[in-house]
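Colleague: On the provided structure of chain A, position chain B as indicated by the hints.
Residues per chain are reported as follows:
There are 2 protein chains.
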Amino acid sequence: MTDVPPQRQLPNGSVNAVEGGAKPHRIVIVGCGFGGLAAAKRLARTEAQVTVIDRTNHNLFQPLLYQVAVAALSADSISTPVRSAFRGHPNVSTVMGTVTGVDRAARLVMLEDGTRIGFDTLILASGSVYSWFGHPDWAERAPALKTAADAILLRDRILSAFEHAELQTDPDAARRLLCFAVVGAGPTGVELAGAIAELSRTTLARDFRRIRPGDARVVLCDAGPRVLAAFPDHLSDYAARRLRELGVELHLGAAVDTIDDDGIVAGGTRIEAGNVFWAAGTEATPVAKWLGVEAGKNGLVAVEPDCSLPGDPSVFVLGDASRMTGENGKPLPALGAVAKQQGAYVGDLLARRLSGRAPPKPFRYRNLGELATLGGSSAVANFGFVRLTGLPAWIVWSAVHLLLLVSLRNRLVVYVNWMWAWLTYGRGARVILQEPQRAQQTAFHPAPAPR
Amino acid sequence: MTDVPPQRQLPNGSVNAVEGGAKPHRIVIVGCGFGGLAAAKRLARTEAQVTVIDRTNHNLFQPLLYQVAVAALSADSISTPVRSAFRGHPNVSTVMGTVTGVDRAARLVMLEDGTRIGFDTLILASGSVYSWFGHPDWAERAPALKTAADAILLRDRILSAFEHAELQTDPDAARRLLCFAVVGAGPTGVELAGAIAELSRTTLARDFRRIRPGDARVVLCDAGPRVLAAFPDHLSDYAARRLRELGVELHLGAAVDTIDDDGIVAGGTRIEAGNVFWAAGTEATPVAKWLGVEAGKNGLVAVEPDCSLPGDPSVFVLGDASRMTGENGKPLPALGAVAKQQGAYVGDLLARRLSGRAPPKPFRYRNLGELATLGGSSAVANFGFVRLTGLPAWIVWSAVHLLLLVSLRNRLVVYVNWMWAWLTYGRGARVILQEPQRAQQTAFHPAPAPR
Chain A
1 MTDVPPQRQL
11 PNGSVNAVEG
21 GAKPHRIVIV
31 GCGFGGLAAA
41 KRLARTEAQV
51 TVIDRTNHNL
61 FQPLLYQVAV
71 AALSADSIST
81 PVRSAFRGHP
91 NVSTVMGTVT
101 GVDRAARLVM
111 LEDGTRIGFD
121 TLILASGSVY
131 SWFGHPDWAE
141 RAPALKTAAD
151 AILLRDRILS
161 AFEHAELQTD
171 PDAARRLLCF
181 AVVGAGPTGV
191 ELAGAIAELS
201 RTTLARDFRR
211 IRPGDARVVL
221 CDAGPRVLAA
231 FPDHLSDYAA
241 RRLRELGVEL
251 HLGAAVDTID
261 DDGIVAGGTR
271 IEAGNVFWAA
281 GTEATPVAKW
291 LGVEAGKNGL
301 VAVEPDCSLP
311 GDPSVFVLGD
321 ASRMTGENGK
331 PLPALGAVAK
341 QQGAYVGDLL
351 ARRLSGRAPP
361 KPFRYRNLGE
371 LATLGGSSAV
381 ANFGFVRLTG
391 LPAWIVWSAV
401 HLLLLVSLRN
411 RLVVYVNWMW
421 AWLTYGRGAR
431 VILQEPQRAQ
441 QTAFHPAPAP
451 R
Chain B
1 MTDVPPQRQL
11 PNGSVNAVEG
21 GAKPHRIVIV
31 GCGFGGLAAA
41 KRLARTEAQV
51 TVIDRTNHNL
61 FQPLLYQVAV
71 AALSADSIST
81 PVRSAFRGHP
91 NVSTVMGTVT
101 GVDRAARLVM
111 LEDGTRIGFD
121 TLILASGSVY
131 SWFGHPDWAE
141 RAPALKTAAD
151 AILLRDRILS
161 AFEHAELQTD
171 PDAARRLLCF
181 AVVGAGPTGV
191 ELAGAIAELS
201 RTTLARDFRR
211 IRPGDARVVL
221 CDAGPRVLAA
231 FPDHLSDYAA
241 RRLRELGVEL
251 HLGAAVDTID
261 DDGIVAGGTR
271 IEAGNVFWAA
281 GTEATPVAKW
291 LGVEAGKNGL
301 VAVEPDCSLP
311 GDPSVFVLGD
321 ASRMTGENGK
331 PLPALGAVAK
341 QQGAYVGDLL
351 ARRLSGRAPP
361 KPFRYRNLGE
371 LATLGGSSAV
381 ANFGFVRLTG
391 LPAWIVWSAV
401 HLLLLVSLRN
411 RLVVYVNWMW
421 AWLTYGRGAR
431 VILQEPQRAQ
441 QTAFHPAPAP
451 R
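First to last, the protein sequences are chains A and B.
Going by full-length UniProt numbering, the first sequence opens with residue 1, and the numbers climb by one from there.
Going by full-length UniProt numbering, the second sequence opens with residue 1, and the numbers climb by one from there.
One or more hints might be untrue.
Covered stretches of chain A, going by a simulated chain B footprint (3 or more residues, C-beta under 8 Å) [unchecked claim]:
#1 76 to 85
#2 205 to 211
#3 288 to 302
#4 386 to 396
Between beta-carbon pairs, the in silico distance windows are [claimed, not checked]:
#5 D261/A with E112/B: 16 to 24 Å
#6 P232/B with V129/A: 40 to 48 Å
#7 R387/A with H89/B: 44 to 52 Å
#8 G267/A with G281/B: 25 to 33 Å
#9 A399/B with L408/A: 20 to 28 Å
#10 A139/A with V386/B: 52 to 60 Å
Per the computed footprint, the stretches of chain B lying under chain A, defined by three or more beta-carbons under 8 Å from a beta-carbon of chain A, are [as the list claims (entries may be wrong)]:
#11 54 to 64
#12 72 to 79
#13 147 to 158
In short, the hints are calculated from the structure, not lab data.
No residue lacks a Cβ here, since even glycine has one placed at the ideal position from N, Cα and C.
So that you can see chain A by itself, here it is in the shape it has in the complex (with noise of 0.2 Å):
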């Protein structure tokens, strides 16, 4: 493949045309997240011809996420590059680019610079964003953490709030600046509260002059009466004790009817905060609109127990997107592992399929555990028979995490950071790129010097 050159006029515009006697088998993977990227490797090792297709140039190791946001890790030592991952295997191709329909008659996914991409077989793993249950307007004052880009925009935002409050003189605003809002319980929502907590009252308690960053307020909400309400209870009330411990206010049982420049309101009480992030309600990737098929709650496709759409034995929607129903009757949640073992799974079915065996069983999800960390060097770990709290759930977690991390050279930089941190409070990443808050800034210093 690597002597093609550049300068080859492609017929039927489609960049992955297939021309003369040889016809290998095109698939094509949109999506390079846990699913994406197990399906992809899987199929590597196959003769099909094998194209992912992702927004960005990288796998992003989403658990680690919120750990770029506060200044923990850089957004790279969590990144990989998914070319790289597939330098040995010239019969995959990586695509960056942004999928905006799937002509299923044509057997083309369209991307929006006019690229388009032909395939006989196709792997939608495009995931989740978040979504602002009815309120677009809410997305700017409450970005979410999904994209590296996203959690660096956090990162600016929540150091940039510190800088902003030391040079206050009006105390309201001062006291606005350091208030941080989070909305939604789950693990992101625990885990970005817990480490701002953290941040605040470990990283930054001696850096300031004016202020005090030990007493930014952390407030976490949600609309359910329990954090973390996926795990067992006794877990889960661990883990608001903890949080309490560590600083955060919890304000459960309050769905958020306003999100305004002052703040949020949730449950009828306005929470002045400079600074709200959002966890909470996502939705699937617009996958049902690109197969023109009936999209269920959230957006979620319906697949088959192969994860094939319903009547298409050639088109494939896994993870996020996707909607399968578990053992227990319940839905499959929207977890990483559940995408990793899916696309493992099609990877697998398709390998079988192009070698003429027979297709595997029907897939079904190994629940492995979960985990959340907490802040402090303390999380839960919920792995059925065995359940742990504190230290040593932390320590579990930090050792999964680390084996998990795509490669050794990010094993390697996430492991000097975390033991640097642990010796010393320090966060290695906290680094301003820009000043978002600069605007909203301005509005609290009423009679600004003139120029």
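Modeller: Okay, now just chain B, sitting in the frame of chain A:
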């Protein structure tokens, strides 16, 4: 200082106004680069009340910034938070803000957000900015490499160029995307051009399927006849030879006439380049305007042999913003080493002044040598009596830069990344955060598919 609650109303609008009987001497340092940091470190050990103002929250180790642009290092691994550098010194305050003026009569520094900061002694170490020879419209087309955000922008552009070229069906457009023109053949331009060539010929070489990254053109332009003109002739010649071996085209004695969407025209020759980077002219930050004094060439402020402003011994200007004549009768070069030595000198001078001791002798620059890397484990080093080229120079360069990094944590992380790159040719930070060329790229698709 830490017990000052944020709600205290401060008189005079100045955040560091001093109340009551104790009147410590207030020293304000603008800019926390090599010069400002050196001055602040010395003054932290005095009784003075020191305020360090910087546009960002971090000191940036600029000599390694080009490595961020070519995805070898993450931005935070060469950045140190200004605050944490002075954690143990309660007499040092840090302010993140942009200076817009100085009121010399009222002894106030004004910030963009309206904050005013009072001083008894002022040290201006705000450095230089790039200037585009009176063509402000070139700035966006040919971004320069000065801040961490700049480096991320360049990285996004460089990595995106290869991604977009891979999808091109128009061979001319693909060739243009894979042409990188660097304007200015001083150390920054040479290091950047060499590093882009190395990136395309090693790290990326086997990662693409339709383009050959090694075919990328890297063109280094300069109005002068030599690269690294400040180095002795034989080092300059060596650098030129080595760059050519790496695949860098040298286009010397050719001033830039035009920069447009298609590339540049230099010395009458058009170079079709999808990526143009600026490493040519710089000018001082507007220090002369702030002070109301006459600016010399490139906005530089002429200073006394002790770095003070003529006629005002309480104001100092140092580093890239100042002009001082060296022992050889020529102006001191705009180097980090000059700024660092001047910063330490002014810090010492003020420490003596505060304790009633005699002033030091006039500032004298100790030239410790010059270094520049050329890509591919090669460099040139000029220590006056010893001149090195190739691998020995590169080993010296690596050791010196590791030692000069501000924090131990940064040294560890940079070392891990360098070892990794050396063993694998891998680049640790191949992350595209934003897609900067989307708009430009779309122009290369004359007939995009309907959406």
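Colleague: All hints, please: hold or fail.
Modeller: Checked hints:
Counting residues of the stretch 76 to 85 of chain A whose C-beta sits closer than 8 Å to any C-beta of chain B gives 6, which meets the bar of three, so the coverage hint holds. Closer than 8 Å: that is the beta-carbon criterion, and the stretch 205 to 211 of chain A has 6 residues meeting it against chain B, so the requirement of 3 holds. Only residues whose beta carbon comes within less than 8 Å of a beta carbon in chain B count, and the stretch 288 to 302 of chain A has 0; fewer than three means the coverage is violated. For the stretch 386 to 396 of chain A, the stated coverage by chain B is not satisfied: 0 residues place a CB nearer than 8 Å to a CB of that chain, which falls below the threshold of 3.
Checked against the hint of 16 to 24 Å, the C-beta distance between D261/A and E112/B comes to roughly 20 Å, which is consistent with it. In this structure the supplied range 40 to 48 Å is violated for P232/B paired with V129/A, their Cβ-Cβ distance being about 58 Å. A hinted range of 44 to 52 Å for the beta carbons of R387/A and H89/B is consistent with their spacing of about 46 Å. Between G267/A and G281/B the C-beta distance comes to about 58 Å, which lies outside the given range of 25 to 33 Å.
Judged by the Cβ atoms, the range 20 to 28 Å given for A399/B and L408/A holds: they are separated by roughly 25 Å. The supplied range of 52 to 60 Å is met by A139/A and V386/B, whose beta-carbon atoms lie about 59 Å from each other. With a cut-off of 8 Å between beta carbons, the stretch 54 to 64 of chain B has 3 residues touching chain A; three or more are needed, and the interface restraint holds. Beta-carbon proximity to chain A at under 8 Å applies to 5 residues in the stretch 72 to 79 of chain B; the threshold of 3 is reached and the given coverage holds.
With a threshold of 8 Å between beta carbons, the proposed coverage of the stretch 147 to 158 of chain B by chain A holds, since 3 of its residues qualify and at least three are required.
Against the hints set out earlier in the document, violations occur for numbers 3, 4, 6, 8.
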